[in-house]
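There are 2 protein chains.
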Amino acid sequence: MSATSGSPTRPVIPVYLVGAGLVGTQVLHQITLPHIAARLRIDVISNSKYQLEVAATSDRSNIGNILTLLPSSSSTSPKPVPEGFKVTKHTLEGFVQGLTQAESGGPRLLIDCTSSQIVAELYPQLLRSGISVVTPNKKAFSSSQALFADIQKSKSRRGLVYQESTVGAGLPIISTLNDLIATGDKINKIEGVLSGTLSYIFNEFSRPVKGGKAQSFSEIVKIAKEQGYTEPHPADDLSGSDVARKLCILSRLVPTLPALEKGFESVPTETLIPSELANIATGAEFVERLPEFDEHFEAMRKEAEDAGQVLRYVGVIDAKKGRVKCGLERYAFDHPFASSLSGSDNIISFHTARYAKRPLIVQGAGAGADVTAMGVVADCIRVAERLL
Amino acid sequence: MSATSGSPTRPVIPVYLVGAGLVGTQVLHQITLPHIAARLRIDVISNSKYQLEVAATSDRSNIGNILTLLPSSSSTSPKPVPEGFKVTKHTLEGFVQGLTQAESGGPRLLIDCTSSQIVAELYPQLLRSGISVVTPNKKAFSSSQALFADIQKSKSRRGLVYQESTVGAGLPIISTLNDLIATGDKINKIEGVLSGTLSYIFNEFSRPVKGGKAQSFSEIVKIAKEQGYTEPHPADDLSGSDVARKLCILSRLVPTLPALEKGFESVPTETLIPSELANIATGAEFVERLPEFDEHFEAMRKEAEDAGQVLRYVGVIDAKKGRVKCGLERYAFDHPFASSLSGSDNIISFHTARYAKRPLIVQGAGAGADVTAMGVVADCIRVAERLL
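Protein sequence lines, in the order shown, are assigned to chains A and B. In terms of the numbering used here, the first sequence opens at residue 39 and continues consecutively. In terms of the numbering used here, the second sequence opens at residue 39 and continues consecutively.
It should be emphasised that the hints constitute simulated quantities derived from the structure, not laboratory data. Mixed in with the good hints, there may be bad ones.
Because identical chains share one entry, a pair is satisfied inside a single copy or across any pair of copies.
Below, a list of computed lysine to any residue pairs in the SDA-like style, where the Cα atoms sit at most 25 Å apart [said to hold, decoys possible]:
| hint | residue 1 | residue 2 |
| --- | --- | --- |
| 1 | 117 | 186 |
| 2 | 340 | 138 |
| 3 | 193 | 74 |
| 4 | 193 | 359 |
| 5 | 395 | 60 |
| 6 | 191 | 426 |
| 7 | 193 | 420 |
| 8 | 193 | 422 |
| 9 | 193 | 423 |
| 10 | 358 | 67 |
Construct the complete structure from the given sequences, taking the supplied hints into account.
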């Protein structure tokens, strides 16, 4: 594979993308905008089974067409590709390790749009080889403390890591937290609705009902599943583990907090899965049985409403007490988490020594391929600005 | 003055600070935190009359003590300073021009914490000399289009400009807008409460009153003035020109909008100053006469309230129509600008092609020395990351 970094007068960074799904595709569309393509050149696009190499001299302006040359990971017999392109079968691990072994003088960049633990565990090796990493993949930052520490240790002036889209997609959350800490602010508390799915479910379920009958919890989950807002198995959202991963990522950026040795598994996390439904195999069956527990959820909703409050599933980092946890909390009707939240929006508030009276708040869509890709590509631009 | 950029093994950027007021002082405290001081070294601290040079070898760890060595701009006979420091009388213009004439191989950085038009007009010259500029000073970006264009043209890989704190202090507003645009999003509308003073005044004035009597407009302005929330002459806030400057800054980042030839003066701006009070010389007299116009403001408030709305003074960029304007608008009680805004907070919403259903919102304190300095110092870190 070519690792030339362009002519000496117009330096350009070779880019390798792994994970050509919805987010990866959007990343490719944004990163081939002419002003970005002048500095970042897509050299390889890959999925779990195949890699498509693009010669330095090939035209990249129609990335949609180029993408059709990459065989799907379920394909068994790849079609021939035109000159200037090359398809190879690979394993993800072999592909990424191959990058670290290739000779290269200049800066290089891997964009990881998979949700692969295998790729995440190769970040230290990539960084030590001088390959920067930009990713929305939460795994590397929310698994064991050992992996996280290894990544921090392996970073260098040539091996950078950017991860804005690991929390809240394109919303400026990671960069804001980093700026607060780097400039010496003291974090008191970080609190956020960090799951688009759970945001939608509780925005629908827990809105004050003026007359009429509130929708039941199970009905809302059913609709959310039908509309594609949940994972195929809604229990994967209701477990809270996605929120726990994001909270783990944020808390590791706050230097005063204790290490979470087992990553997101070390975050105390309230599950919304009724214990009787803990081992239901399919999403369909889960949704079918959920109505048995509507009374339980309705009682919680009613109790909150009677107190002038709504339910929200939030992640909370109490930096003063050194505590991190995910679970259901209640917020007064006029709290920003109640009054101004709707749809599947994320919202996060940073309470700090400087933002003491009222927090710094960021709100907006926290999921979706286009906004996730935006966070990724903005990070790629920062890498180019630093390395070129 | 020394322009050495440290030993070859530990490169460091010499930093010149102009404007040692409240914000400048906070910047100095943050920028001398050890992990930042390792890359950015304060070499000169100056006000409109004097400059204090700090030798490369002098200890900077107690910046509070060092600051006492800079004579106040009203001082006529500076006291002697210890070895390793040097005080010189100067003009702002002479000082900044002197920097551009000094010999230097490495990167250098000017932090402009003044609100000086003179300094702003020297940015192109600084940039062409390879001196980067970080500033919360709005002047350079909200005055004539000619100056703004000259700055854009004079930027280079060694002469960078960062200006996060020109809008909303440390809130991530400029960087967010830049990221949206750079990654190819389409701006539809930007709308914001961008003046802390006017935010406070209308949050107090226009909150729904349940029984009891609402405070009058003039009473609220009087209290705001007493508490230091307004300029010494409240008309300087009520004119809306501060909002117009911020709106000009934002709109110039949106490439599809028409140029504002005269800067903020080209922004249609609704003034809240009653025409009869347009030429009142002092803030005290202004506040004394304002009650004559309470009926006028109360009628507007009442009309909004009867429609279930509150008044907010906002800046609006309608990118679809190519229109920019500042003025009073009405928002329904459950709109984020109404329900979740309080105190002197700023709030801004970005409506884009990607954030279409619901906008991306940033909210929090938009003024204050510590949060303004945070935006400045975070920018300085970015300059160091790019130039070292």
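Hint-by-hint comparison with the structure:
no. : hint       : result
1   : 117 to 186 : neither (40 Å within a copy, 53 Å between copies)
2   : 340 to 138 : neither (57 Å within a copy, 68 Å between copies)
3   : 193 to 74  : both (24 Å within a copy, 18 Å between copies)
4   : 193 to 359 : neither (30 Å within a copy, 46 Å between copies)
5   : 395 to 60  : between (41 Å within a copy, 20 Å between copies)
6   : 191 to 426 : both (23 Å within a copy, 20 Å between copies)
7   : 193 to 420 : both (15 Å within a copy, 17 Å between copies)
8   : 193 to 422 : both (16 Å within a copy, 17 Å between copies)
9   : 193 to 423 : both (17 Å within a copy, 14 Å between copies)
10  : 358 to 67  : between (43 Å within a copy, 23 Å between copies)
Figure legend: structure checked against the earlier numbered hints; hints not met, in rising order: 1, 2, 4.
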